[in-house]
Amino acid sequence: MLKIHFSDNRQAPIWLVDERFTIGQDSRNSLVLVDPSIGPFHAEIRQDHGFYYLTDVGSPSGSFVNDERINTRFQLRADDRVRLGSVELLLVDPARSKTKAEQAARWYLQVIQGEHEGKKFHINGSMTFGRSVKCELCFSDQELSRRHCEFYLKDDVLEVKDLASANGLLVNQQKVSTAVLQPGDQLKMGSVSLLVIGPKSTVAPSEDEDATLFMRAVDLPKPLKPAPLSSSPSSQTNPLRTAAQANPMRAAAPASAPSGLNKPLLALGLLLVTGLLVAAALFAL
Numbered sequence: 024m025l026k027i028h029f030s031d032n033r034q035a036p037i038w039l040v041d042e043r044f045t046i047g048q049d050s051r052n053s054l055v056l057v058d059p060s061i062g063p064f065h066a067e068i069r070q071d072h073g074f075y076y077l078t079d080v081g082s083p084s085g086s087f088v089n090d091e092r093i094n095t096r097f098q099l100r101a102d103d104r105v106r107l108g109s110v111e112l113l114l115v116d117p118a119r120s121k122t123k124a125e126q127a128a129r130w131y132l133q134v135i136q137g138e139h140e141g142k143k144f145h146i147n148g149s150m151t152f153g154r155s156v157k158c159e160l161c162f163s164d165q166e167l168s169r170r171h172c173e174f175y176l177k178d179d180v181l182e183v184k185d186l187a188s189a190n191g192l193l194v195n196q197q198k199v200s201t202a203v204l205q206p207g208d209q210l211k212m213g214s215v216s217l218l219v220i221g222p223k224s225t226v227a228p229s230e231d232e233d234a235t236l237f238m239r240a241v242d243l244p245k246p247l248k249p250a251p252l253s254s255s256p257s258s259q260t261n262p263l264r265t266a267a268q269a270n271p272m273r274a275a276a277p278a279s280a281p282s283g284l285n286k287p288l289l290a291l292g293l294l295l296v297t298g299l300l301v302a303a304a305l306f307a308l
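Residues 24 to 308 (this note's numbering) are what the sequence shown spells out, left to right.
Rather than coming from a laboratory, the hints here were simulated on the basis of the structure.
Here are the simulated SDA-like cross-link-like pairs (lysine to any residue), alpha carbons at most 25 Å apart as the crow flies: (1) K198 <-> W130; (2) K184 <-> N32; (3) K177 <-> S200; (4) K143 <-> E173; (5) K26 <-> W38.
Produce the complete structure using the sequences and hints provided.
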């Protein structure tokens, strides 16, 4: 089954489900195009045994398929470009392929309440929203202004601007004049509510407060390497001398007077020496 896409995204795509599908400015047409280059009953598409045929019904500006002017029962195929006056349409078979516009589409507005509920509109470039048939997003809600607001993409950022509407523009229940939109935002204009659908944003993972934190241990000083031993005797250190140098008072202690315990022995030695001297004198006489 084929689907009609508008090259200028003036409205949502339309399925060709009827056996006879008429196009023109007159309100009795299946597809009403209010454009000076479109006739009241400009052309019709008939479905016959699964095939689609386009016929121009005497329009002043003509009907063209892939830049070739046609008259009656011209068979249409997927990816054909149909130009009626200044309006260009693209025929798409969604079961086979997607249009380049759909492949590059990143931002959509989906109606979640009000007229056209459930429909999804692809936002491309600058698109106006309101009751006027000249708006790319045309709704008949009487609470809307003719040109209520404007959606526009700038460096893949979607923004909306209120065009001095009578009832205002609400973004997430807050009245605004302009706003940068994010996926998941909800807009309300009159009785129409829209959901913003956009590319997924990358959010840095938040730090878990309950997670175990590993702290670096205190760096301890490295042990000192022992001094290498010298092979020469003069360079070797005498531990007793080192101790004496560290405590000179303690080293001088052996040179001091003997303690009280050694006095009897000293007296006995003197007495013995004296006796020997006396005996030697007597022997000499």
